[in-house]
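> Read off the chains here:
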Amino acid sequence: MRHLPSPTITWGIAAFGFVALLAAGAFAGLLLEGAQDLPAALAGFDSYLLRVARFTLWQALLSTLISVGPALLVARALSSHPSFFGRRALLMLFAVPLALPALVAALGVLALLGRAGLFADAYRWFGGGQWPGIYGLSGILVAHAFFNLPLATRLCLNALDAIPADQWRLASQLGMGTAARWQLIEWPALRSALPGIAALVFMLCLGSFTIVLTLGGGPAATTLEVAIYQSLRFDFDPARALALTTLQLGLTALVLALLFRLGADLAGTANLSVSARRHARPGRLEAAFNTVVVLLAAALVAAPLAAVVAAGLRSDLARLATENTVRDAVATSLVLATLSAGLCVALTLSMVGARHRLAGARRRARPGFLERALDGGASLILVVPPIVIGAGWFILLRRTADVFALAPVMVVAVNAAMAIPFAMRAIRPAHDDAASRHDRLCAQLGIRGIDRWRLIDWPALKRPLATGFAFAMALSLGDLGVIALFGSDAFQTLPYLLLQRMGSYRTADAAGLALILALLCLALMLIAERLGGRRQ
Amino acid sequence: MTRATGTGGAEVVLDGVEFAWPGGPPMRFDLSVPSGEILALMGPSGSGKSTLLSLIAGFETPSAGEIRIAGKDVSPLAPALRPVSMIFQENNLFAHLDVAANVGLGRSPSLRLSAEDRAEIGQALARVGLAGKEGRLPRELSGGERQRVALARVLVRDRPVLLLDEAFASLGPALRDDMLDLVGDLHASKGMTVIMVTHDPHDARRIASRTAIMEKGAIAEVATTEALFSGERSEALARYLGHGTSR
Chain F
1 MRHLPSPTIT WGIAAFGFVA LLAAGAFAGL LLEGAQDLPA ALAGFDSYLL RVARFTLWQA
61 LLSTLISVGP ALLVARALSS HPSFFGRRAL LMLFAVPLAL PALVAALGVL ALLGRAGLFA
121 DAYRWFGGGQ WPGIYGLSGI LVAHAFFNLP LATRLCLNAL DAIPADQWRL ASQLGMGTAA
181 RWQLIEWPAL RSALPGIAAL VFMLCLGSFT IVLTLGGGPA ATTLEVAIYQ SLRFDFDPAR
241 ALALTTLQLG LTALVLALLF RLGADLAGTA NLSVSARRHA RPGRLEAAFN TVVVLLAAAL
301 VAAPLAAVVA AGLRSDLARL ATENTVRDAV ATSLVLATLS AGLCVALTLS MVGARHRLAG
361 ARRRARPGFL ERALDGGASL ILVVPPIVIG AGWFILLRRT ADVFALAPVM VVAVNAAMAI
421 PFAMRAIRPA HDDAASRHDR LCAQLGIRGI DRWRLIDWPA LKRPLATGFA FAMALSLGDL
481 GVIALFGSDA FQTLPYLLLQ RMGSYRTADA AGLALILALL CLALMLIAER LGGRRQ
Chain Y
1 MTRATGTGGA EVVLDGVEFA WPGGPPMRFD LSVPSGEILA LMGPSGSGKS TLLSLIAGFE
61 TPSAGEIRIA GKDVSPLAPA LRPVSMIFQE NNLFAHLDVA ANVGLGRSPS LRLSAEDRAE
121 IGQALARVGL AGKEGRLPRE LSGGERQRVA LARVLVRDRP VLLLDEAFAS LGPALRDDML
181 DLVGDLHASK GMTVIMVTHD PHDARRIASR TAIMEKGAIA EVATTEALFS GERSEALARY
241 LGHGTSR
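Top to bottom, those sequences are chains F and Y.
Here the first sequence is numbered in full-length UniProt numbering, starting from 1 and rising by one per residue.
Here the second sequence is numbered in full-length UniProt numbering, starting from 1 and rising by one per residue.
Please keep in mind that the hints were generated in silico from the structure rather than gathered at the bench.
Please note that a few of the clues may not be correct.
[Stated by the list, open to error] If we take Cβ atoms under 8 angstroms as the criterion, some of the chain Y residues that face chain F in the derived model are:
{"id": "1", "residue": "Phe59"}
{"id": "2", "residue": "Ala78"}
{"id": "3", "residue": "Phe94"}
{"id": "4", "residue": "His96"}
{"id": "5", "residue": "Leu105"}
{"id": "6", "residue": "Gly106"}
{"id": "7", "residue": "Leu111"}
{"id": "8", "residue": "Ser114"}
[As the list claims (entries may be wrong)] Here are a few chain F residues that sit away from chain Y, every Cβ distance over 12 angstroms (derived from the structure):
{"id": "9", "residue": "Ala443"}
{"id": "10", "residue": "Pro459"}
{"id": "11", "residue": "Ala508"}
Being a predicted model, the structure only gives us computed values, none of them experimental.
Ideal Cβ placement from N, Cα and C applies to all residues, glycine included.
Please work from the sequences and hints to get the whole structure.
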């Protein structure tokens, strides 16, 4: 349809350009700084950096093992019991960590297993003396498992659910036992999905910032991302930050290349699993084992959540709610998250629209560069952690402008870009589906521009757009990555204030704020889920 | 946009029109449909029937050749500006808009309708047997009723050429005959040129004066429907129908 002018494509290019500029600006900042003082940058690659890099990889590896290994068992247990009381609730519980800001989860782990946590009380009561607390590697691992075990479980479960029902019928007809079913049916299905799942979890742990910052508790347990933050925020050593960032990017790019080769999905979402009916019931022993596995996994997810609620309720919520600083932080957070979600949805819609238009106009079998860039390029932003983008721009801007005055802009822009892959998940299928039904009809009837948006696209897309918006808003609301660098006493978001209260040992305040933050994010996720689920 | 005042039909000519789908074989169409005729297009799937309609409607652009409607080359015109209305097998209606709005879009793409427009929409709906169903949503209608709405929109658009792309293929035999008769009625009163793709010889015999048989991206044969199905000579038709004798 060459007659149609395409502002659609122009907007798509502009949106992609914005994301690319965001990443490129960060690199430019780092490179400029590095070029100015090359020896210093090179000197940044010292033994400290190597130690940090080693710890980064080590904790990511361990986190992956303790998340994915048990996830295999949990997924298998859930798939062999396709209906039991509470299965739906359990799967919904497993979706909660997706909505929860890392900072809240970290506080939950502390409230549960920290030196003054709930577990410490019980430990003392049973005569165990002073509980040492769970700072350092163990704390990081627990928090990572809290996030990634449910994620890996859902992904494994998807793989198991994809097994055709006929195979199960066949298995029961042939009289296969547990071992044979595992060996011949379940394991082959899991094995093909496993590398992708493991690589995804590994990459998420590699780029973990908030959890390591709050639970690492010292130079012994520092990852590259936290080291970048410290070198900029406390030591102000851009050369070291550059060295650290380069290494971090190199590592993530490596893992990501692996991920793409394995065909993993970066923005995995929570869909409720519907497992096929089995024709052979698990034996009593197996059923008991499955019950234990599922209960343990549920405890791992539920306990920190319960701890967040318990600790939050014990804090002086009434005072917090009237405190001006808190009110300001909540207002700031809501405004920034709204702006960021709006920007995110606009960017996503522009890219989705342009991609669809290009795909429709394509005269070759293979998509061109622009189409591929609009398709997958946006999710590449996930490689570049927010803290790295923030760091790059921080270095770039600090000579020419007051970086702290630019904080709102940076927070909105970076958080919007970060949420694009997730918003795309909500918007693209609905958009492409509606467009394929409507494009010819609109062309025929001459419905274009604002008319098309008003009469056709908006009514068809308002639900998925709202889903994407709520999702992006929740992500942005809980993010600590950029605000950690750019925040100041004059400009605080809720997560930033929370971190400050933690830093000044006002633990009860922090717990109360965490509860508020968690409720806000969960409410948004619930809205997103509702809007997304009730499609006609 | 100037509204085509389509009283009567218009001649449709495809002159050496070439086209190929990405990775597909080349197609070449030469066809002339006189003003006011009903022509049926038949042929195996992949022979290019729908492609030919898409080219006339402007959804696809030929790589060579010329498409003339009423003597005028329509190549530079966007689909909405061509003197053509098309009905697809599915998705002719916007699911979230009611019947009146779906028909009204044929009059104004921004849905700004005058009282006169509304009256005409009501008349068109009555004409296709849907009087009183203005406020229904497409999902509250049967498959046949939905295609009737599309026909009502064709009436208010009032273009000299109507393209039917297996528009009634998903309906049962009796309903399909009703719809074909309705098209025949509209044709009798408006006199527009109709090109209809169908896979059923029965459809062609019911209303088409001539039938074109397509094979491998080209028109293999055009003849009066009567002559074609009386079994005089068509090898292409025999190949399509899959037996040596005619039906």
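> Return the numbers of the hints above that this structure violates; sort them in rising order.
Result: hints 8, 9, 10 break, sorted rising.
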